[in-house]
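Protein sequences, first through last, are from chains W and H. Going by numbering that gives the first Met the number 0, the first sequence runs without a break in its numbering and finishes at 337. Going by numbering that gives the first Met the number 0, the second sequence runs without a break in its numbering and finishes at 461.
FYI, nobody ran anything at the bench for these hints, they're computed from the structure. None of these values were measured; they are calculated from a predicted model. Hints are all accurate, no fakes.
Listed next, the in silico DSBU-like pairs over lysine-lysine satisfying Cα-Cα at most 35 angstroms (straight line): (1) W:Lys-186 to H:Lys-274; (2) H:Lys-204 to W:Lys-186; (3) W:Lys-105 to H:Lys-249; (4) H:Lys-91 to W:Lys-105; (5) W:Lys-186 to H:Lys-190; (6) W:Lys-105 to H:Lys-451; (7) H:Lys-192 to W:Lys-186; (8) W:Lys-186 to H:Lys-275; (9) W:Lys-105 to H:Lys-244.
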Amino acid sequence: MKGGSLLLPFLTTMENFMMTPHLSKAVMPVGTDTLADRVSSAGKSDSQTERTVDWLSLVVIAPAVLILLGFLLLFFYGVYQSLTDLRLGRPIVRFVGFANYTALMKTTDFWNNIRVTVTYAVCAVLLQALLGLAIAKLFASGVLLARLLRPIILLPLVLPPMSVALMWTTMMNPQSGILNYLLSLVKLGPFSWISDPATALLSVILIDVWTYTPFFTLIIFAGLQGITDDLREAARINGAKAWATFTNIELPLIAPYILIAGVFRVIESLNQFDIIFGTTQGGPGNSTAALSVQAYFTAFQNLTFGRGAALMVVNWLIVLIGAFLMVKAWQAVRSRVS
Amino acid sequence: MRNSMAAFRNDARRRMKSILLGSLLLTTTAAVTTSAEAETINWRQFEGTSITWAYDIHPYADALAAELPQFEKLTGIKVTPELYPDDSYWNKLTIQLTTKSPAWDVVGTGIQPAWDLAPGGLLEPLDQYLNDPKLTDAGYDYNDFFPSLRTALTWKVEDGQIATGEGGHVWAIPHAFENIQLFYRKDILDKYKIAVPATPPEMAKACETLKAADPSITPLGVRGVRFWSSIHTAAVSIARSYGVKDFVMKDDVLDTGLDSPESIAFHKDYVDMIKKCAAPSFANDNWYQVVDGISSGRTAMAIDSNMFGFWNDVAGKPASGKIAFAPPLHAPNAKNFESNIWIWSLAMNSASQKKGPAWLFIQWATSKQVALAGAVGGKLVNPPRASTWNDKAWLDYAAKPEFNNFVESFKTTQDRAALAFTPRVGFGEAMNAWAVAMQKMVNGDDVEATLKSLAEEIRAGM
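Throw the hints in and build the complete structure from the sequences for me.
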């Protein structure tokens, strides 16, 4: 639901982007209507004044509108619940205003939840973007190894996140896990991984990176495929080396793709639940307690649903801000490329 | 002569017929009488209905599921089991009951979750069914359940809070239970000549000896996850022997006792013991890891529910005969140990539309016969009925050599086993916070400061 309301303006822009047939058209100036367009739209406004209500169209789109309203209603109901002292199992519910929010803000755990949420998302997405870019470039090179790896690299993406979490929990066991065994072969470790508050957050970020880097790879690889060879050839003729071609031509052209993947991943990472819950449940202590995990505990383990709903609303606000900033960055990059 | 012989044969035939008919009639009458005496209720009064029974995926559920055809044959009631993995089950249970869904008629629960469910009217009080002679068989004998179990599942709701004492309702019926014990690999302790520890400092010392002798062995398996379930086994049992109480009355006001001097003393010893004894993965260890460690021999000792030791001693298991039992650890200056209990029970959804059939199922599933069959089958352990513990079939089975001192240790522990938590709504919230604080202390946070902060958090939620 959070994603649904958030993505509306974003999807419109995405639609424009995706409908661009190829990259050369994407660099065409946008927002400059031709004279014919203006004449056509003027004609339309005349006809609109005469148009009668098209009931059939309204009936056809009614289900979609109702579903949308249903989503919005649920969302606002969730916001309302955050303003109550709703406790699962207790029949009496009182309106308490912003008491849940003020109570949360007085605790150090709440600020820790925000710190963990933001650190997790920022680190995971940055690492995924860098690795995804490197792997996509390898794939675009067309070497034999890349052709062999292409189908395999997508495997983490198709695994259910909870299975991924359980698999990594076993591998990261400080005593019997395979990671410490492999590191011991090169005289490293043993590490406590998810069992030590000093390394737990980094460990769950690494799991996220392993799982979702292929997503970046896929999107960036598609961007690289869209760059015609003429551009690279022109650069080569003008004496540009491979690194210069990459930084000055390829990277600016695929930057919108990276940011698009980034938007999706920022939204998901700020909401991440499965990987953290399946490995550390937010521990040790509160070292990996992201807002989504803490909200789950508060609502469904402690049964204080009103307080849990407040945490979810705060989580939603952070997702909204994160997605807004990413979309703005994408728009800026795209206009610069154009 | 021939006629007289024929007449004699006819007469004898008639007499034989009469005797046979008479015997048959007597047999039938006796059978009917016996049946009527044993079955004071009409078990087929809800014939043709069907109910849903929801439960955790657990050996207790397996034991009941295996007997379901008998119940269906007896009553004509169809039972559909819905079994879920542990975490999913508790979440689904909360949601099903709080939304007043009638989909589940009978549910499995423990005492602690019931504290949060009963005040909202989500569970059906069962005394009205227990006291109804049309619904409860005269031979059911509710008082046969151990008194500590009956007491733990009986309370009233006053001003939205749990109130124990006289006049309470019965909210669930036990069908198996666990008391907390120390169980250990006899082969490992014997090999390194280590005596069974009785206090946390003794345990810490034993762990150091074991680690020095064989670094690959984890000396002690204990739950450490950040849920109250990791508190309810070793921590709260040992804490009680130090005089720690989760809640106390101060000037007629309920307060937490987790920042008391006794609590500080306990946590210092316990945290030191965990650091020296538990696996580095303590914070991620749940009962699965504890059981896996003891059954595989990677762990030498464990403090948890005693039946985990029993189940791994069953003939044919890799650890069969190697696990022995002792009461839980106690404070160095305490005269006695304490042991918490967890009761797997069957309760009725108050929103159920088939309460009569649901009660018949609960009654049958917790009857003497099913309790005994489940116990002798090696699954419904510990049996909650005193009669099972007096039954030769169960005692003969539990006294088999592979179970070592299971029966003696059970009897010793059960004498002192009781619910170690204060019954109250909001139990989970406070105890989850305790589990998180425990992780912080084990990871190096100052004990006193952490307990002070924990107590403030609990007070804020009261």
